[in-house]
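*Asks:* Take a look at the letters that make up each chain.
There are 2 protein chains.
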Amino acid sequence: MIELFYTKPENVSDNEISFDDFEEKHILQILKKDINDKILVTDGRGNVYQSIIIRKKPRLLVTIKKNEKRPKPKINICLGVGFIRPNRLDFIFEKATELGVGNFYLFRSQFSNYSSGNFTRYQKIMRQALKQSQRFYLPEINVFDSVQLFIEQTTHFNNKIVAIGSEHPSLLKNLNKMPIKNNDSVLLAIGSEGGFSEKEIGQLCENNFSPVSLGKNRLRAETAAITGISVIQLHIYTELQLICPDNSGFHWVQQ
Amino acid sequence: MIELFYTKPENVSDNEISFDDFEEKHILQILKKDINDKILVTDGRGNVYQSIIIRKKPRLLVTIKKNEKRPKPKINICLGVGFIRPNRLDFIFEKATELGVGNFYLFRSQFSNYSSGNFTRYQKIMRQALKQSQRFYLPEINVFDSVQLFIEQTTHFNNKIVAIGSEHPSLLKNLNKMPIKNNDSVLLAIGSEGGFSEKEIGQLCENNFSPVSLGKNRLRAETAAITGISVIQLHIYTELQLICPDNSGFHWVQQ
Numbered sequence: 017m018i019e020l021f022y023t024k025p026e027n028v029s030d031n032e033i034s035f036d037d038f039e040e041k042h043i044l045q046i047l048k049k050d051i052n053d054k055i056l057v058t059d060g061r062g063n064v065y066q067s068i069i070i071r072k073k074p075r076l077l078v079t080i081k082k083n084e085k086r087p088k089p090k091i092n093i094c095l096g097v098g099f100i101r102p103n104r105l106d107f108i109f110e111k112a113t114e115l116g117v118g119n120f121y122l123f124r125s126q127f128s129n130y131s132s133g134n135f136t137r138y139q140k141i142m143r144q145a146l147k148q149s150q151r152f153y154l155p156e157i158n159v160f161d162s163v164q165l166f167i168e169q170t171t172h173f174n175n176k177i178v179a180i181g182s183e184h185p186s187l188l189k190n191l192n193k194m195p196i197k198n199n200d201s202v203l204l205a206i207g208s209e210g211g212f213s214e215k216e217i218g219q220l221c222e223n224n225f226s227p228v229s230l231g232k233n234r235l236r237a238e239t240a241a242i243t244g245i246s247v248i249q250l251h252i253y254t255e256l257q258l259i260c261p262d263n264s265g266f267h268w269v270q271q
Numbered sequence: 017m018i019e020l021f022y023t024k025p026e027n028v029s030d031n032e033i034s035f036d037d038f039e040e041k042h043i044l045q046i047l048k049k050d051i052n053d054k055i056l057v058t059d060g061r062g063n064v065y066q067s068i069i070i071r072k073k074p075r076l077l078v079t080i081k082k083n084e085k086r087p088k089p090k091i092n093i094c095l096g097v098g099f100i101r102p103n104r105l106d107f108i109f110e111k112a113t114e115l116g117v118g119n120f121y122l123f124r125s126q127f128s129n130y131s132s133g134n135f136t137r138y139q140k141i142m143r144q145a146l147k148q149s150q151r152f153y154l155p156e157i158n159v160f161d162s163v164q165l166f167i168e169q170t171t172h173f174n175n176k177i178v179a180i181g182s183e184h185p186s187l188l189k190n191l192n193k194m195p196i197k198n199n200d201s202v203l204l205a206i207g208s209e210g211g212f213s214e215k216e217i218g219q220l221c222e223n224n225f226s227p228v229s230l231g232k233n234r235l236r237a238e239t240a241a242i243t244g245i246s247v248i249q250l251h252i253y254t255e256l257q258l259i260c261p262d263n264s265g266f267h268w269v270q271q
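Going down the list, the protein sequences come from chains A and B. Just so we're on the same page, this note's numbering is the position in the first sequence counted from 1, plus 16. Just so we're on the same page, this note's numbering is the position in the second sequence counted from 1, plus 16.
Calculated directly from the structure, the hints in this document are not laboratory data. Each statement offered as a hint is correct.
If chains are identical, the list can't say which one is meant, so a pair holds when it fits in one copy or spans any two.
Straight-line distance between alpha carbons at most 25 Å, and here's what the computed SDA-like set of lysine to any residue pairs gives:
id	residue 1	residue 2
1	LYS49	ARG234
2	LYS24	ASP59
3	LYS140	ARG104
4	LYS48	ASN129
5	LYS90	SER182
6	LYS73	ASP30
7	LYS24	ARG234
8	LYS189	ASP200
9	LYS41	GLY210
Looking at chain A on its own, in the form it has when it is part of the complex (with noise of 0.2 Å):
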């Protein structure tokens, strides 16, 4: 499989691409690629270039060969999560990357026992999942105030689900009951570390919220959004037979 490279889409003109410091080291000093050398590369926003590289120094330099545009996947999955300990955040950064969330939405929340993070980490967390999972699409992280702005600025999704407690249904039997179709979105909001409050649970399950389940363990939100997204993605692909088209391999054009 040929190897998968991440640019700002300002760093692409008419037939040339060039790089940020960290990808150049990465492209040129740890994976040693030379003259010659194909490689893909993604804007993050779709577009694949299939290049070759023309130049090393000073700057390295692509020329572009053949420019893809690789469609959104078909049901969009989206996370909302409360602020928690930055370091546990790189986590959800990087695993939903791989998972295939589409964007990110932050909220400080009522039990937040944090309110910030490092969003240039981040980001470098999700290039490099991006990268290693071969999609196309980089995450937008989107911060909200508080749980309230985070329902007002979500209302265009037609699937919303809150990860509550055991009390409720699970998610796997919410899904199955939810009629998920091309073209929809599902989000799932997790709480922070204190989870909820009542006033916020009030809110979430007035707007279309459906509080669910997802499991008798007891989770650290991180592992919960993991675990969350896990089963929608797979429930999806499973039920639906939905092909992510932005996941699918990629095959280098014959010349």
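Using the hints provided, position chain B relative to the given structure of chain A.
*Replies:* Same frame as chain A, but now just chain B:
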């Protein structure tokens, strides 16, 4: 909720419990527990001790007020995984312990780039996850020199699954067909970063491991492990309404 702590079985006498340095520091220095404070202690073998701190120096000592033996989960979910980068195994031991995995089987395989790990560290991680998730059975780690040896030592599992790739039926479809009853055991096998060799896949399939897919996404080994365990535990919880008893809430006895 009363905090749960861990001590090795040999630190429990008829009516008193002592702790190792790590746990003592956690109880006294981090959580600032004091004489007469109530704590819950488990030996990781199903025993739960409702205890009261009676001495802080020179070593912490608690007296047992009540001892209860908690049953094992009704369905034993275990995870077999190839050696991967040691710090990525950290993640597996933490998350899979939270998610209720009974025991771990680590094996060296043809395509593994790694063949060892930091087992002292993994023990510590599992202890922390055990306490955090309020479980009372500490998983054991078994190590095998080959996939063949792993197969030979796990013949007692009556449901065996191996995650291979998207050409196979999805894990959820497989679980729906697989009859899981009380006292059953489920073993999920995940390859190392390089996956299984053709020969290893043949050996696994010949020995009743059902090949499954975890979805269309290209997952790292440790993500695949957690995705698989997440789905298995939620499926069992959902379909059979079996409640793992060692994860149920704990109420302090009235004195």
